[in-house]
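**Student:** If you want the building blocks of each chain, they are given just below.
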Amino acid sequence: MRTAVQAQVPAAAKDRPSVASPRNRVCSNQATPNAEEGSAPDERYRYDLLVIGAGPAGLAAARGAAAAGVRVALIESHHIGGNSLHEGCIPSKTLLRSAQLIAEMRNAPNVGVGAPTEIDVDFAAVMTRMRRVRDRILRVDSPARLRAEGIELHVGRARFAGADAVDVDGTRLRFRKALIASGSHPLVPDIEGLAAAGFMTNETVFELTRLPPSLLVIGGGPLGCELAQAFARFGSRTLICHSEPLFLPKEERDAAQAVSHALARDGVEIHLNCNIVAVHLEGGRKHVTMVTNGNVSTTVVDEILTGIGRLPAVQGLDLDKAGVAYDVETGIEVDDFLRTRNPRIFAAGDVCLGHRFTNTAEASAGIAVRNALFRGRQRVSALTVPWCTYTDPQVAHVGLYVRQARAQGIPVKTYTVPMHDVVRAITDGEEEGFVKVHVRDGTDRILGATIVGRCAGEMINNISLAMVAGLGLRRLARVIHAYPTQGEAVRQAAQACVQSLAAGVPATNKEEAP
Amino acid sequence: VRTTAVLPPADAAEPLSPADEAMLDSLQRAAFDYFVQHGNRINGLVADTSRPGSHSSIAVVGFALSAWPVGVERGWMTRAEALQRSLAALRFFRDSDQSGTPESTGYKGFYFHFLHMDSGTRAWKCEVSMIDTSLLLAGMLTAAAFFSAATADEAELRALVDALYQRVDWCWAQPQGAAVVHGWKPESGFLNYGWEGYSEALLLYALGLGTPTHALTDASFPAWTGTYQWENLYGIDFLYAGPLFIHQFSHAWIDFRGIRDRFMREKRCDYFENSRRATYVQREYAIRNPRSITGYDEESWGLSAGDGPSAPRQRIAGRRQSFYGYAARGVPWGPDDGTISGPSVLSSLAFAPELVLPALRRMLARGAAPHDAVARASGYNDTVRVGAPVAVAAKGQRAVGWLSEGTFGLDQGMIVLMVENFRSGLLWRLLRGSMPIRTGLHRAGFRGGWLAGLAPR
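These protein sequence lines map, in sequence, to chains A and B. With our numbering applied, the first sequence has no gaps in its numbers, which climb one by one up to 514 at the end. With our numbering applied, the second sequence has no gaps in its numbers, which climb one by one up to 457 at the end.
Because the hints were derived from the structure by calculation, they are not lab data. Where hints are given, some of them may not hold.
Stated by the list, open to error - Mimicking SDA-like on lysine to any residue, the simulated pairs with C-alpha atoms at most 25 Å apart in a straight line are:
no., chain 1, residue 1, chain 2, residue 2
1, B, LYS267, A, GLY409
2, A, LYS93, A, VAL70
3, B, LYS267, A, ARG403
4, B, LYS267, A, LYS93
5, A, LYS250, B, GLN98
6, B, LYS125, A, TRP387
7, A, LYS250, A, TRP387
8, B, LYS185, A, THR298
Build the full structure now, drawing on both the sequences and the hints.
**Tutor:** Here it is in structure tokens:
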């Protein structure tokens, strides 16, 4: 049983208890030599760019600015690398790899190979591997390396002291421009008795040392679905409770349905339209009361994992003193150039964006740096951002959803290729899923795409590239793909578009110029 | 890998042979008899299934009210009996408890999905159902259109239908904006489902927009169609929905040939043509047969909502296959456990007779007893073996592995209505003259075709 996890509601990102291993944490002796507390403004601490938060956005911004010869300070109180590295994508994907192998061993007879009579899941070894992988990736972002790149690292809590100044544990830093990249922290559901009974978030689940015999996952978003499937594959009796009718509420219905089928196949007990209303501890186990369409039921589990979303880390920064407007739910208010209400201060990443992804954080940081320091006029709305939920099958998306396009009055047509029509998917026995490419009807202009499949996250990059480069489906149809690959599904969708436009119809069907 | 389907012109169907005519007549009559055999003459309620102890489904009552005129026209029932059965149902609903309490019959003009056959009170803890109420109302409007004589009874019937239709509070069913919710329960309020994506709710929106009282807002239909997906699948362009019944239910009453809303104008299609294409997509899926299901081919297709085997998971064709019991099966994303819905194939007759008639002949040659069981039962499945085979194989044919027990009222209703629409167009003709339908379609933006000269009064 888990014994070492502290499960607390993080009131603010900077106030939460650390669960990271000591090697990952920043320590005060790693900081730039400091002045005495309360010292007067000091030229040593005057920066062209001051970055708050050493997550993906902060690191990308600091590195980008330092590489351009700008004097940069980076402030971090917790650990370098941010949530994604420590408690998000990296540890979860490492776990998913182990879980995937377990599923493949169980399904070995599907491809004519005998399954092991008993699959020995050494959960402690799985977690040890996860930490080893995380540590390896962390090396890139060590304080020494950052200093070598010309970044001055300050350790401590950042609080704005005015429109152009930040205090870090008593040291006043002044800036010409600042970038807030403080990230986000888990949103914890308000459920009677939950805190007293104990629960895990995505920031604490990776500290588990023993596999819980049973686990309730609250929330059917990407994190909840990924981990529910993984723990079911490890052998926990796993339940997932989601308040909506379908998992992954942002994704299109067929994709969400595919995830639902996949979880059910892996033995996850699915409770949709379900709300947890109370939890209490009894005999060391968690007794959970849930309501589904008015019907009340109870279940008993050993552990609870909450994954209902994240909140921007805006508290404790004294943003008011800097004239930066924010909302506790939506984060720092920025314009399309990522500028806050204070023209000296910009923001990037989870703290200000709806898309709370590592890739978006890094890309937005680049935009913010260019706009802040180099008179750039780049818009965050111009980003083409693909994302992926790493369930098995994966769900990946880029661009507009059909409903978004239709809401904008754009006529949409979707070219759908089921993976069961793709040669390599058939040979691999991985026929679940599809490629759906949405185009402006009557043209080959790509509006967006959703891919569900074993390697959807890899395949979506093909569509992203086409969208960024302005390539239409006609061009993609002429791109020879390696044969046989699952990626050919995209070419098949493009081919269907070519055939449809050729057969068809409107005189206005013209290939749109890149 | 097959990539492109060949979609023949819509008028490629050949005339019916006498043998096919007899086959259809027999199937339709047998389906009609379901309502006679499983109806309560006192309150007009009809059982959901032929299984012992079945409660009534209000949707099945709607199909019964629509089937009676077919029976009269076909000579299977006297007009007087049809009228009395219809009046019994309408008087029951007029007098029913509309308080919305857990033991009542309905609320705000809508009704609970399932009712006790005798008392007409709520069965189980089911929901007040917007779509099932719509199917019931469609039956009522059919009765009002058919019983048009200037007699006291028929006048009473028409007045009852007016009153029952107009007391439905459609606005109440839009609690969270423009979309209509699926249902409501006294214990917990509205269900957490709204209508999203193309579905049988086309009929619901037409009825909700067509009423002179408590009508849906103008924003409701665009909000719903805003979730439509126009897809090219297997080389066929169509408004996507997986299960076959979605492409059929609204068409049992409304003649969508040649009339178009804004979406269909944009796509240069209509909902009838769309259902024809959906039928071809179903057949294409069966030909591809990605799950290597036993028995799927170009004459054996048809995934829809209905009963299926509840067998343990089995390894079939190199994969672990689950079985889903009663479920909404669809194409191409499933779930697919090898269960074919015979009634859904039959209900596609009007759209693609060139596909349906060969499939029907194949089903009837299966040797099940009675001879039409495979076509009229909710589902059959050749993949799984649950107990002994239920049908003896005719020469050159496979035995049926699993067959749904008895028959379901919704299936029989669709068979009666869609075969009739194929044979005579009776239901379409009746409802083309119905003011709520015309008004509702107009408000939804439908224009052209038979609506062109029929502006709502």
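**Student:** Could you tell me which of the hints above the structure violates, numbers in ascending order?
**Tutor:** 2, 4, 5 and 6
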